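2 protein chains.
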Amino acid sequence: MGAGSTVIVVMAGGKGTRFWPRSRERRPKQFLPILGERNLLAQTVDRVLPTFGPERIFIATTTELAEETRRLLPELPPDNVIAEPEGRNTAPCLALALVHIARKRPDAVMAVLSADHWIGDEPRFLEDLDLAARHAAGTGDLVTFGIPPAYPETGYGYIETEGEGPVRRVAAFREKPPLETALAYAASGRHFWNAGMFVWRLDAFREELRAHAPAVLDPLEAWASAGALPGDLPAAYARTEATSIDYALLERSRRVAAIPARFRWSDVGSWPALLDFHEKDAAGNIVRGDAVLVEARDCAVFGGARLVALAGVEDLIVVDEPDALLVTRRDRAQGVKQVVDELKRRGRKDLL
Amino acid sequence: MGAGSTVIVVMAGGKGTRFWPRSRERRPKQFLPILGERNLLAQTVDRVLPTFGPERIFIATTTELAEETRRLLPELPPDNVIAEPEGRNTAPCLALALVHIARKRPDAVMAVLSADHWIGDEPRFLEDLDLAARHAAGTGDLVTFGIPPAYPETGYGYIETEGEGPVRRVAAFREKPPLETALAYAASGRHFWNAGMFVWRLDAFREELRAHAPAVLDPLEAWASAGALPGDLPAAYARTEATSIDYALLERSRRVAAIPARFRWSDVGSWPALLDFHEKDAAGNIVRGDAVLVEARDCAVFGGARLVALAGVEDLIVVDEPDALLVTRRDRAQGVKQVVDELKRRGRKDLL
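Chains as they are written, first to last, in the working numbering: chain A, 53 to 404; chain B, 53 to 404.
Because the hints were derived from the structure by calculation, they are not lab data. Computed from a predicted structure; not experimentally measured. One or more hints might be untrue.
[What the hints assert, rightly or not] Residues of chain B clear of chain A, computed beta-carbon distances all greater than 12 Å: (1) Gly66; (2) Pro106; (3) Phe225; (4) Glu227; (5) Ala256; (6) Ala357; (7) Gly387.
[Stated by the list, open to error] Listed next, with one range per pair, are the computed distances between beta-carbon atoms: (8) B:Arg221 <-> A:Gly341: 55 to 61 Å; (9) B:Thr103 <-> A:Gln386: 54 to 60 Å; (10) A:Asp383 <-> B:Leu235: 36 to 42 Å; (11) A:Lys396 <-> B:Asp383: 49 to 55 Å; (12) B:Ala334 <-> A:Pro175: 33 to 39 Å; (13) B:Glu394 <-> A:Glu138: 48 to 54 Å; (14) B:Pro130 <-> A:Pro85: 35 to 41 Å; (15) A:Pro200 <-> B:Gly207: 32 to 38 Å; (16) B:Tyr203 <-> A:Gly341: 38 to 44 Å.
Backbone N, C-alpha and C define an ideal beta-carbon position, used for all residues, glycine too.
If we strip away everything but chain A, and leave its shape as in the complex, we get (with noise of 0.2 Å):
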């Protein structure tokens, strides 16, 4: 059992904030084009077309964002864009994609990707998709993968896993971890960074949610035996429990399996991870777009339409929106976020 009877879930309903000014609620970071010509979401789908085809790729999304994503997706069929009606948390999400793809295909496995993350070396990607949907079609486990660590990076949660070999039993999911935790998960070899994708069989995945997570798959299920009719949704899905699929169901069942990823993976969670993406100048800057730079060193620009001159700087960060700019340091990029809450405080909703 392989890509024949495989789907793929591709969660694209991110707000992401940590790509302001660039990102917007309505332009989130997988609709943008931050790394190459296409957009995120359009690469993580043509990463999988090839192999599966455009009817069993399925896109899980906000109902704010279900209408551009089918523009930005033509090559797939428009009931294939799943639409959240609120934002409620992966666990909500991927049920509703459960019960959404089992009215026609009960015997799936399904294949959960995130929209926005970039993958390296996509054969070896796709083989250890092979090698996951196999495992998970014989055994009925819950599968994920499990990055290398490059780093003792500690915004991440961790998977720590036994024995060895291409798939492994999890023995904990581990929350983000201290730094000197960290240095000893990223030397253990036993410990992988959790990357969000995951691989099922869908009768397995509802017998796992209705032993763990009943709160979560009841509403739906409930919906989907009424006649699963549109309007119904909304309130179906507002009864369902918002919670992650990591804390409702993965680190609760006894079923889960990890595979140690061969393919690269980087979550490019902000302005500065971008910055591993780009070729450097002699002077370690990256200029996007119509820059003169003077004496500046380690600097990005992201550019937009009008010049952007630096003269004297250093580890900066600037982002040129044509009604917003940025400017940051790469080492303390994180206040982007502030920078976001402070406009929502004062009602900006023209630039969020």
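With chain A's structure known, arrange chain B on it following the hints.
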């Protein structure tokens, strides 16, 4: 002899690139409201208008800027805006003003001011101006104002004086000094910044130019003798020696006196110099326009129509214009000149 026979000549032909991107060739510093609501040229005229009246205030500028200058100063007779056919430094500019004014007011005293400087304590300034005019009228001296050095500036020329009292003999003009010399000058009590403001009788000015700088004066006197036809001025002006009044005259004449200024003065020569004139918030920041600052310290935002967000940055100056943006450090803003030079090299007339 006082204000009654004194005319003001405001030198307003400067191009000044140091306030780019706000200043441009057609919108030089003197046209900008960078200190308060009114532009610097209008403030300069406002300062002397009540005392001298519009008929006795002249503006010397370039042909390119003459029309806009008249528009900005509707209170002055249009003929009082004297247009240099081309920029040939300050000596031909002031010789042209001499010839222009002498036709109607041969007995006047002429006080030369700059269009883009800041003057503090205006009553004292007017007192010093009156003192200078009376001294110049009574003696025929070429009177300069010397600014008591506030710190050992190495970017200005200095006037070395002899004796004591409110009007002193000038022993020498000193070029921009190295730091050690500037330290000695600042401590001496005998050295003053040369602010480029002068007061002299027209006849004394003519005599001294004839004696020391005939190559500056002769083409213009010949033009005046031949009827002062406007169409003949460009050719006559092109024959004048392009040189500064300091070099051509003041460093050579033996009739130069200096008045230590009792008013306050700044040439507001750069973005960092401008910061001294703005109130700072508790974190040392200055904000003009729409901005959000998060963990920003000692920064200045001169914004425009768009929101400017700073996050986790220090000591920056950000200047936002519709077609260009500058980010520099307050201690390295001399790089602004290099930015402008680079734009010239690239042929970016749209931004100059």
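Using Cβ atoms and 12 Å as the threshold, tell me whether B:Gly387 really stays out of contact range of chain A. Check fails; 3 Å does not lie beyond 12 Å.
Outcome for the supplied range 54 to 60 Å, where the beta carbon pair is B:Thr103 and A:Gln386: With Cβ atoms ~57 Å apart, the hint holds.
Take a quick look at B:Gly66 and tell me if its Cβ sits farther than 12 Å from every Cβ on chain A, holds or violated. The claim holds: B:Gly66 sits with its nearest Cβ about 21 Å from chain A, beyond 12 Å.
Okay, B:Glu394 versus A:Glu138 on CB: inside 48 to 54 Å? Holds: the Cβ-Cβ distance is about 51 Å, inside 48 to 54 Å.
Range hint 55 to 61 Å: satisfied by the CB atoms of B:Arg221 and A:Gly341? holds, 58 Å
If I take the minimum Cβ distance from B:Phe225 to any residue of chain A, is it greater than 12 Å? About 32 Å separates B:Phe225 from the closest Cβ of chain A, which puts it past 12 Å; holds.
Does the Cβ pair B:Tyr203, A:Gly341 satisfy 38 to 44 Å? holds, 40 Å
So does A:Pro200 sit 32 to 38 Å from B:Gly207, Cβ to Cβ? violated, 57 Å
Falls inside 49 to 55 Å, the C-beta gap from A:Lys396 to B:Asp383? violated, 35 Å
Lying within 33 to 39 Å: is that true of the beta-carbon distance B:Ala334 to A:Pro175? violated, 56 Å
Beta-carbon spacing of A:Asp383 to B:Leu235 - inside the hinted bounds 36 to 42 Å or not: holds, 38 Å
Is the claim that B:Ala256 lies outside the interface with chain A correct, judged by CB distances over 12 Å? At about 45 Å from chain A, B:Ala256 clears the 12 Å cut-off, so the statement holds.
Violated hints, listed in ascending order, are 6, 7, 11, 12, 14 and 15; each of the other numbered hints is respected by the structure.
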